Amino acid sequence: MSDLVETFMRRAINMAAGVTLVNGEGELGQAVATLLSPEDAIYCPASTALEKGLTLPAESLTEDYSAASITVEEVFGAIAETGTIVCSSQGGKPLQAGLLPSRHCAILPESRIFATFEDFFATLGADLPTNITLISGPSRTADIELTLTVGVHGPERLDVIVVQE
Amino acid sequence: MIGIKSSLAFRENAAEAVRDSSLRSAMRTATDTFTQLRSAGMASFPMDEWRDRASEIRLNVLNSLPDYLDEFSRNATRVGAVVHRARDAEAARDIVYHLLKDRGARKIVKAKSMVTEEIHLNQHLEVRGMEVVETDLGEYIVQIAGEAPSHILAPAIHKNRRQVGRLFQEKLGVEYSDDPKVLTGIARRVLRNEFLTADAGISGANFAIAGTGSLALFTNEGNGRMVTTVPPLHIAVLTIEKIIPTLADFASFVRLLPRSATGQPLSSYLSIITGTRKPGEATGARELHIVLVDNGRTEILRGECREILKCIRCSACMNVCPVYRVIGGHAYGSTYPGPMGIVLTVLLDGMENAHPVLDASTLCGACAEVCPVRVPLVKLMNLLRERRVEAGFTQSAERTFMAGYGMAVRSPKLFGLGQTLSRFLWPLLERVPGNMTLPRLPKPVKSTFKRRMSGQ
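As given, the protein sequences belong to chains A and B, one line each in that order.
If you're matching positions, the first sequence starts at 1 in our numbering and goes up one per residue.
If you're matching positions, the second sequence starts at 1 in our numbering and goes up one per residue.
Hint data in this document are derived by calculation from the structure and do not stem from the laboratory.
A portion of the hints provided could be inaccurate.
Stretch-level coverage of chain B by chain A, calculated; a stretch enters the list once three of its residues show a Cβ under 8 Å from a Cβ in chain A [unchecked claim]:
1. 29-37
2. 128-141
3. 208-221
4. 265-279
5. 328-339
6. 356-369
7. 395-408
Residues from chain A that keep clear of chain B, each with C-beta distances beyond 12 Å, as calculated [what the hints assert, rightly or not]:
8. N23
9. P45
10. T55
11. S66
12. Q90
13. T130
14. T149
Small disclaimer: the values here were computed from a predicted structure and weren't measured.
Ideal Cβ placement from N, Cα and C applies to all residues, glycine included.
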């Protein structure tokens, strides 16, 4: 495991994300399957090679992410500095799919982990996609007596699967 | 509206707050927690270096603000946003109202924004028949309670779980619960429906990035993401000083803002929004309007207190302030409480409307010590206190005493006489019933410095 992957994983766990490391596409399917239950309504955009390679139970799949209980998708990248994943609207991804369901499973190729914010921002150039969302752990609030509660408007669970190539 | 007080009545408001023991215990828990989280979050980072850099970036922005605003507007327009400039609160309210009215919008979801509190946007839209729903949980709680936020990050911090439970039971018709998890679940269900049926979303922005025309929003709940991506129309309202030159500069603030606010390395969500939905994209509003509000900032920029405009609204200064920690946010009677709030309120509302809040500080300096962008808060509060004296907004007893004292210190004879007299008068004054100040002051000494030095 590289230092970058190790740092990212450690920090993401600190942010209360679930993190799994898998070796190649072969192990990815198994790691995703352990996060699913038969009652789930699964949304998967199936727009990238890793997403297309998944075998998800056909009867559980839904096209409507606002009615899904979990979204499984490959994300744009990650930032090791804070254990943050990066979602981008580039390529036609609906970012609301990672927001509306109560669980979000993010597939992250290890080659797309940046060390710092500066490293990530430097790759963007002058023309940004309409929406870049950096996600660190689940949706949370402490607005009632400062009691930490997860899943207020967004997912109550964020799982990141890091895929080593 | 309940909970909205006047800055001029600060002394009475503060006295009332001090007598409210449940408020005091809530404020103590909240500010202690935030302060501890912040300290823990800052440990092991080169904070002084980060703060110097951030302060430098903010000063650079203030020094060339008109140019940066032009650059931001040009770039935001290029990517599909429409940029509006509002000179004052009335102009800003008008722009937002007409944008909504012209599109037939009736229901509006809102993400937390202090400037929309400052310009009283909600009331303006509501009396014109629009439904405005605050979606940050704390903001939603104070909205349905008909109150104002008491903390800029945790607006409902003055309410305990039982009060929130009863409020939900009464206003939403749900079964009573005092479990924060259950109450949060209720808000999630109610507000989810509001997001999906809203005609427009209104948000603020923590920063606007000149080089790319982007807006940056930090949220923990995800409501900011909903408001800015689910409805077809997004209106962002922000004040002109929120500019950051480039994305590279922005990185400094990504590190500093959440750590200063809640001690988190980063908030759960950071959205960077650049223009409207482009061909082939499935995210982003169809229409984005950015309202840049001046409302007194250009005037402040020209004055001696311009450094207050470096403020990034993290709330660290209020969490450490010994006055704020006891009385909470409502007593200030202004949109912005705490040390940064004192300075900004006097500048925005005018000395004649706000001078009593200048007393809401012990000048201990804790605020300036934690400020991530090094706003010299004590210096600014002292400066404004001087201006208050010049403008004659001090109490007559204070003016009389200071005039007498001024006369005495200019004459060694009078001064000596005063010292002698005070030794005899002090024990008598201490016995005046209700005198709270005198017993806490150092007692006059028997032998004065001058007498000891001259060997008498």
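**Message:** Of all the hints numbered above, which does this structure not satisfy? Sort the numbers upward.
**Reply:** Going through the list in order, the structure violates hints 5, 6, 7, 9, 11, 12, 13, 14 and respects the others.
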